[in-house]
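There are 2 protein chains.
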Amino acid sequence: MAVRGTLLLPQFLLPVRPAGTVLEHHALRMVGDRIDALLPAEDALVRFPEDLQVALPRHVLMPGMINLHTHSPMTLLRGVADDLPLAQWLQDHIWPAEQRLVTAQFVADGTRLAMLEMLLSGTTCFNEQYFFPEVIAREARAFGMRASVGVPIINVATPWADGLQACLARAEALMETVADDPLVDACLSPHAPYTVDDHALQEVAALAVAGQVQISMHVLETAAERVQHEQTHGMGPLARLQRFGLLGPDFLAVHMVHPDAEDMQRLADTGTQLAHCPKSNLKLASGICPLPQLLAAGLNVGVGTDGAASNNRLDLLEEVRTAALLAKGSSGDATAVDAWQALDMVTINGARALGKETQLGSLEVGKIADLAALELQAAATQPLHQLHSQLIYSASSSQFSDVWVAGERLLKDRQLTRFHADQLLAEAALWPARFRGDASVGPSL
Amino acid sequence: MAVRGTLLLPQFLLPVRPAGTVLEHHALRMVGDRIDALLPAEDALVRFPEDLQVALPRHVLMPGMINLHTHSPMTLLRGVADDLPLAQWLQDHIWPAEQRLVTAQFVADGTRLAMLEMLLSGTTCFNEQYFFPEVIAREARAFGMRASVGVPIINVATPWADGLQACLARAEALMETVADDPLVDACLSPHAPYTVDDHALQEVAALAVAGQVQISMHVLETAAERVQHEQTHGMGPLARLQRFGLLGPDFLAVHMVHPDAEDMQRLADTGTQLAHCPKSNLKLASGICPLPQLLAAGLNVGVGTDGAASNNRLDLLEEVRTAALLAKGSSGDATAVDAWQALDMVTINGARALGKETQLGSLEVGKIADLAALELQAAATQPLHQLHSQLIYSASSSQFSDVWVAGERLLKDRQLTRFHADQLLAEAALWPARFRGDASVGPSL
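In order, the protein sequences belong to chains A and B. Convert by adding 1246 to the 1-based position in the first sequence; the result is the number in this note's numbering. Convert by adding 1246 to the 1-based position in the second sequence; the result is the number in this note's numbering.
For the record, the hints were derived by calculation from the structure and aren't laboratory data. Even for Gly, the Cβ is constructed at its ideal location relative to N, Cα and C. None of the hints are false.
Partial selection, computed: residues in chain B whose CB lies under 10 Å from chain A:
hint	residue
1	LEU1323
2	GLN1334
3	LEU1362
4	ASP1561
5	GLY1575
6	SER1577
7	TRP1586
8	ALA1626
9	PRO1629
10	TYR1639
Residues of chain B clear of chain A, computed beta-carbon distances all greater than 12 Å:
hint	residue
11	GLN1299
12	GLN1448
13	GLY1517
Same shape as in the complex, but just chain A (with noise of 0.2 Å):
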């Protein structure tokens, strides 16, 4: 007997990959956790007829979307330092913050909530960096939600290790954890240039081969940032971890707002990975990523939406609609990044940074059913002229309707199917009185 899978029947298909390509009326065939078969919805009624149908009439379906770079548990810190420059804004409020507030509780509240904000908004897989790893790891599993989860490498002690060799440790017992789980993978995250120092690069490096791991650091987040850097080392910061052998396709730069002519050659010959967060950057007056550049360079550049104390948001799509609109006008060419390769760096080039093309990032027979469906009727996506373009420069996230990940519904017809969203943000919404130093709630435990 054959085997009973799951007809998606969507108006549309965005599949990605073939590039520009857009299917109406085509079924989406799941078989337990994989993309079975893509073809025209009558063929797929005939060939299948055991099959369940998920009707997604007014909806087009396409990959769900990777956010290459958040720190989930910040959404708790949302909102209490806004309107500052980078290093005040990291040194006198949310450090301290950090150091008063970071529990495992603090981080698992936090990550549940940021899960929330990111299924609903059609985020399936997020490049994920902060304390207490193994609880963000944890939670992700028990979300169903598909994440990259790094372990932060940082000299100094924080209120989850109290040094490097507490971190490498704790990165091990991880790696050893999650070998073998299909939603969730370990990888490396060394904070910055400026707060590793070269034994611990050099550590990096070594326990990334080992495990065979990737590595995500924040780079040239700052123009301070090189500046800095040269005095203290000599050198610029990519010239620094290319010495340590840490560039390449297994090494994921965030930020990167400030490379010069010899950085842009560096990344482009060892073929390092780039997280975009384009909103963080502005509203830390960081500057502008140039973008256009990057990608003319070669280079795979995917997007992150950073935490949500510097964002404030955990939208993917208003992100990447951001990253395209201000490529435009900071470079003053409105044909650059257009939304076919906007709606690439969302799905298929997060998939390439993170080591996952040949399984995520597009509606491919064979990948992995990560998806998301977003409905088409509304008033923002009407008329309906290139779907492509409604997607990118028209809707709202706030129009996914329907998330699966790995072949399960996460997020039907806007509520999960896992957890109460009333639950999540009942326990989220104790942290303010917390935050405040009111007893009465109880501490973080």
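Starting from the structure of chain A, add chain B where the hints point.
Frame of chain A, contents of chain B only:
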């Protein structure tokens, strides 16, 4: 017997004036189309026991937002030509399409779609500029939305008018029609310095004075405009407008992306009003308006979405968020345009730009009850550390649940009260086929 009013009972009130104020557990009392009182909810329930009560337990109530610049009917051309520079977009795509399609029906259908999108996203008043303004005025009145309807003044013949005299005659007619209209005003909208000759500017100046109406005009949207204008007229656009006495508090200069030092002085000296349209300027690669400098010069700047063919959303909350982020990123100053200033830009500054500061733009006793309620119980706006910050940097416009114009609740729990959204969307959905020249859907009448 006492007059029966309506008590709105939100969790929070953002009155905008006094500046920086957040009121918790307060009531806003409406009587007719006016704000009658703002007082603690407890007191309100005692003082006005007979009033109709509207519970908004998880909402913030704020002034309805004011969209200072749009071309509503262009919603029907949303996405027909993206990723193109302004001149090519206008001359090769938009103008030819308009020549073919623009009729009274096009304008009526497109205006209804635009008002649906604006109302759903918390906008209660829009400053319009498009052909068939008499149709737009009629549709706004029927929809119940507040509008300042600009009559296009342009020397070339259009599908609506065969030249300057026809434009002026229709302007006078519309001014007479709406003379006593509580919702709709007429204004004059000479298109741009490069499409309106000296004689037309003279006529506009005279008619504006005679009819005591405002003038709204695209000015310095691109760098090329200044160069061409200096070649044609021997002076920059603002110098020429000033020669005809057009600059001043009744003149709204839209875009103003490329003012030089002399222009800044002219704008400040005359108290000319400004409409900033950041997303349209980015998308068409027109440039980045020096918003922080304009504000520092003491100018009054509001926000416009521009038309949906160049934005492509009429979402004023996302627009002002972009304005604030872009101001920080482009100026290198993270303190530029903070959340309070951003809130002012879409409320009181917009009202001032339309000469309605005493009537609109803040929640003050005696002002008109144009209101919007945004539901805060959503992933993107929890937890709630700082209300104004959550609204500007985190909230989605889809969180607006209820909107009142002149005291009438036009949006109730996200549903229109006067129209059916699906019917408006169905009307709009016919236009792509007409755009493609498909006769089967019938001509545009």
